[in-house]
Amino acid sequence: MTSLILRFISRLRGLFGQAKANYEFASEVETHIELLTERLIRQGMSQKDAARAARRQFGNTALLEQRQRETRAFLWMTTVFQDVRYGLRMLARSPGITAIAIASLALGIGANTAIFTLAKAALFDALSVPHPDQLRLLAYTQDDRSAIRHDWGDFYTDKQGRTVVASFSYPAYQRLRDRDHSLGDLFAFVDVNQFEHLSATIDGHAATVTAELVSGNFFQAMNVGTVIGRPIEPEDDAVPGSGAVAVISDAFWQQRFARSPSVIGKTVDVNLIPITIVGVAPRDFSGASHVHTPQDLFLPLSMQPLIFPVKTGSLLSDADTWWLQIMGRLQPGISDEHARASLAVSLDQAVRSTITVPNDRSVPPLLLLHGARGWNYAAQELEHPMPLLLSLAGLVLLLACANVANLLLARSSFRNREISVRLALGASNGRVVRQMLTESLCLSALGGSAGLLLGYLGRNILPHLLSSSWGPATLTTRFDWRVFAFTFVISVLTGLGFGAGPAWQAARTSLNAGLKDGGTTMSRHRGGVAGKMLVVLQVSLCMLLLVCAGLFVRTLANLNALDPGFNKRGLLLFAIEPPVQRYPAPKNIEVLHRVEERLASLPEVESVTLSREALLAQSGSNSDFLPEGRPRVAGGNKHVAYNSVGQNFFITMGIPILYGRPFGLRDTATSPGVAVINRALAQKEFAGTNPIGASFQMKEGGEPIEIVGVCADAKYAWLRADDSPTFYVLYTQQKDASGSMTFEVRTKGNPRDFAGAIRGVVESVDKDLPLIDVRTQEEQIDATLAPERSFATVASAFGVLALVLASIGVYGVMAVGVSRRVNEIAVRMALGARADQVLRMVLGEAMALALAGVGTGLCAALLLTHLLNSLLFGLKPTDLLTLVTAGLLLSVVAILASWGPARRASRIQPVRALRHE
Amino acid sequence: MSKGEAMTAEKSEVLQGTLDLMILKTLHALGPQHGFGIARRIEQISEQVLKLNEGTVYTSLLRLQQRGWIGFDWGVSENNRKAKFYSITKRGLKQLAIETSNWETISGVIGRVLRLESEESS
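Note that the protein sequences, when read in sequence, are chains X and V. For what it's worth, this note's numbering labels the leading residue of the first sequence as 1, then goes sequentially. For what it's worth, this note's numbering labels the leading residue of the second sequence as 1, then goes sequentially.
Keep in mind that the hints were calculated from the coordinates and are not lab data. Positions of the beta carbon are idealized from the N, C-alpha and C atoms, including for glycine. Errors might be hidden in some of the hints.
[Unchecked claim] Pairs of lysine to any residue residues, derived as SDA-like cross-links and limited to a Cα-Cα distance of at most 25 Å, are as follows:
no. : chain 1 : residue 1 : chain 2 : residue 2
1   : X       : 159       : X       : 206
2   : X       : 20        : V       : 76
3   : X       : 568       : X       : 600
4   : V       : 82        : X       : 557
5   : X       : 568       : X       : 557
6   : V       : 82        : X       : 65
7   : V       : 82        : X       : 30
8   : V       : 25        : X       : 59
9   : V       : 82        : X       : 38
10  : X       : 587       : X       : 668
11  : X       : 48        : V       : 78
12  : V       : 82        : X       : 23
13  : V       : 82        : X       : 480
14  : X       : 20        : X       : 48
15  : X       : 48        : V       : 52
16  : X       : 587       : X       : 557
17  : V       : 82        : X       : 706
18  : X       : 120       : X       : 668
19  : X       : 767       : X       : 756
20  : X       : 568       : X       : 658
21  : X       : 120       : X       : 480
22  : V       : 82        : X       : 668
23  : V       : 90        : V       : 29
24  : X       : 20        : V       : 29
25  : V       : 82        : X       : 27
26  : X       : 20        : V       : 75
27  : X       : 568       : X       : 596
28  : X       : 48        : V       : 75
29  : X       : 48        : V       : 40
30  : V       : 82        : X       : 596
31  : V       : 82        : X       : 620
32  : V       : 82        : V       : 113
33  : V       : 82        : X       : 71
34  : X       : 684       : X       : 668
35  : X       : 568       : X       : 872
[Said to hold, decoys possible] One-sided excerpt, in silico: chain V residues whose CB lies under 10 Å from chain X:
no. : residue
36  : 31
37  : 52
38  : 63
39  : 82
40  : 97
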């Protein structure tokens with residue numbers, strides 16, 4: 001053991017005292033040989049013979065010195081230093097090739113880093129609280145037989161097709177918290193933004209804010225403190241309506257209060273209720289609902305009845321409405337299954353003690369979800385594009401690898417001689433292979449570093465593409481160790497990947513062949529074939545990427561060109577949500593109507609209307625549609641889309657009325673209910689008969705509504721959806737409706753210039769009404785096309801990148817090919833071949849490579865693009881135009897790339913070649 | 001018996017091991033010696049039977065130093081040059097004893113095996 005340590009230390013010392021030790025050893029050898037020579041002379045040899053014999057007897061000094069060096073220090077360390085230094089020198093010797101290789105790698109690795117940063121954010125990032133992995137979220141699967149009737153809030157459908165809900169009632173939460181401690185102290189929270197927009201008036205200025213209501217033990221159980229002030233405490237949450245305090249997020253502190261410490265104790269009006277700020281949460285803390293979008297405010301759950309009152313009264317005493325999320329921390333020594341089973345029992349008791357469970361219904365089975373990523377609804381949406389984006393990036397990296405491998409192969413065939421010399425001087429095969437791999441790794445390390453930088457610079461491009469232009473980014477990416485690790489790993493893998501070819505070739509270099517001057521050798525021939533195969537691979541990968549890009553671009557173009565059935569240009573959109581505290585229904589209709597009238601009187605406004613649902617905003621309202629005088633079919637006619645709109649809706653939106661009339665002045669809040677239905681609904685419900693004058697009800701026993709007109713079909717919630725049967729009712733006649741309404745303002749000139757004037761109008765009606773989501777209709781549509789646009793942008797960028805890489809590949813292999821064949825071409829020309837024939841020959845070869853690549857790529861595309869089918873719109877995955885264009889583009893680029901080498905070939909002088917020989 | 005370095009392990013493990021042993025024994029018997037002196041002594045003892053590149057002696061010497069079995073002092077050689085004079089250390093003496101008994105055991109075993117072979121073949 002001690003000898004091992006001694007050896008280690010002496011080797012470590014050897015690593016640093018190399019030069020001195022080398023010198024000492026050389027002099028020791030010198031002395032030895034001198035003494036030996038003298039001895040031989042004494043034995044009667046001549047000076048010359050003795051010196052030679054002495055050297056022979058001593059053995060190979062160079063080899064010995066090498067051994068000595070290797071024994072002295074860590075063999076691999078010294079040689080790695082040597083290899084790296086030598087590798088960098090070799091790379092510096094061909095700066096052009098090196099630069100292209102590093103650039104290819106940087107682009108490939110950078111693209112992957114950027115996409116991975118996003119994928120990591122969408123798939124891996126956890127809440128920034130201590131030990132997020134301990135967090136568990138309570139959820140259950142909901143079906144028709146569930147005892148829980150009224151769940152409210154986000155849900156998702158899991159892989160087995162079950163509807164997963166994580167909403168609980170406040171009474172159920174209280175019972176669970178009191179009875180079950182298998183998850184420690186259970187805490188509750190709810191993201192208010194999924195139900196409504198809160199407005200906050202700070203220093204006389206109203207704006208929308210995001211907020212999370214949290215239980216009193218929330219901060220304590222999350223193990224999160226505050227930067228200044230105090231967190232929300234159990235006392236704040238003790239009595240409903242008490243605890244008018246808030247903790248604000250760091251971002252909100254920065255934006256609104258410029259990080260002023262005097263924010264503590266300040267009062268802001270949230271939905272007109274004065275709230276005192278008591279603390280500021282730490283920088284990355286985003287609450288429990290979302291990992292990436294920080295809430296502005298954290299308020300105690302006790303404030304629910306005041307902050308967002310609902311019709312049924314206080315949700316805190318409502319056992320029927322399930323709206324609250326519950327989390328806990330898995331306690332040490334308790335398994336997931338144990339905690340789940342225990343909580344399932346408690347839930348069953350909690351449900352049965354708070355609501356009556358009918359015989360035909362049951363308490364749904366409890367699920368314990370990992371809570372480290374919050375109730376991550378937004379991120380779950382983002383998961384879908386990730387595999388595709390990652391595969392596209394992977395293709396680019398593969399292409400970059402092929403490119404670099406090709407460059408290295410081209411270079412290594414010129415390095416045959418060098419390698420042969422190294423082998424002849426006693427380098428082992430392994431040593432040469434290691435040298436080649438070290439060089440590749442140097443290259444990939446450089447490329448990886450540059451790629452990391454590119455990825456860092458580009459990290460926000462994708463989140464930007466994926467979020468709407470007016471709102472905050474749905475995703476903020478963090479550049480952390482995972483990204484570094486990922487980039488490091490792919491850099492090493494690419495280094496090994498593209499380095500394997502040249503290294504293998506180097507290992508097979510035969511000693512003799514390389515040392516013979518000139519002449520074609522087997523290994524060169526093979527190198528040429530490998531290079532060509534790599535080019536074919538490059539071209540086919542490029543073809544695949546171009547086809548993807550083409551399909552996505554055409555999909556986006558198709559969607560953009562799609563006529564939504566209304567005039568989307570020149571419309572400014574914004575929403576208003578009259579707070580229920582000040583405007584209980586139907587007073588909210590009055591204030592909306594006042595805003596509508598004032599806007600209409602502005603000279604720049606052509607016409608103005610409002611609607612419950614903004615068009616093409618990925619949400620819609622549904623209602624029963626029960627025509628009068630028809631037998632009721634059980635379960636029939638459910639879920640007809642409807643929108644409650646302003647009087648000028650059809651004129652403002654430019655939806656033509658086919659027959660009947662639009663809403664008019666005579667339709668008021670007190671006149672009989674009227675509706676306009678679209679053509680699809682008319683066809684479905686009144687095929688062959690005139691619907692005008694017919695009546696229907698929106699619910700059993702509701703007021704009859706008369707159909708006064710039929711309008712043309714227009715897109716409602718989704719651009720991709722077919723025109724669904726829809727009816728429109730007047731908002732002024734919807735007496736018990738509340739919530740936000742979106743105004744649509746058709747302006748003369750650019751609608752964007754008009755936002756200020758609108759703000760003035762709304763403030764003149766009520767200064768506490770914030771404008772929500774001010775955007776144009778076109779921006780609104782663009783936002784719904786975010787995935788398509790990001791696919792099209794990413795795929796196009798990658799396609800262009802691939803084209804550049806592939807053209808470098810074609811150029812490289814043709815240039816090397818021509819310079820190898822100088823003799824052959826010269827002989828051809830000496831035998832009478834004309835310059836244009838040579839030109840055509842070289843171009844023909846390039847073309848053959850390109851066509852082989854295009855063909856392979858085409859096969860791959862035909863095999864793979866059907867996977868994209870669900871993402872495309874208005875075209876098939878085997879879209880002929882796309883395939884042909886991609887193929888033509890690649891062929892043209894291949895010809896352009898090989899034009900230079902072909903020209904050079906056609907200008908070879910026969911005489912020069914003969915001299916060369 | 002010491003193990004040879006991985007580099008040349010397959011080629012001359014036994015030779016290297018024996019060379020190490022011979023050097024240790026030489027230093028033990030003759031006291032401090034420089035590399036040349038060691039080479040001469042081995043030449044003399046082996047009576048020219050063992051042909052060896054004298055350079056390898058230095059590889060052995062370095063290895064023995066690294067294990068802490070020998071040390072060295074600077075001295076002056078016969079041709080008036082500064083030279084390293086190697087001497088065996090305490091740990092080296094202990095190792096020599098172990099290696100010697102190891103060698104005797106192994107050579108005894110190999111000798112018996114070889115005799116057995118020749119008996120069978122006769």
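Review point. Which of the numbered hints are not met once you compare them with the structure shown?
Key: Hint check: 1, 4, 13, 14, 16, 17, 18, 22, 24, 28, 30, 31, 32, 34, 36 and 40 fail, others pass.
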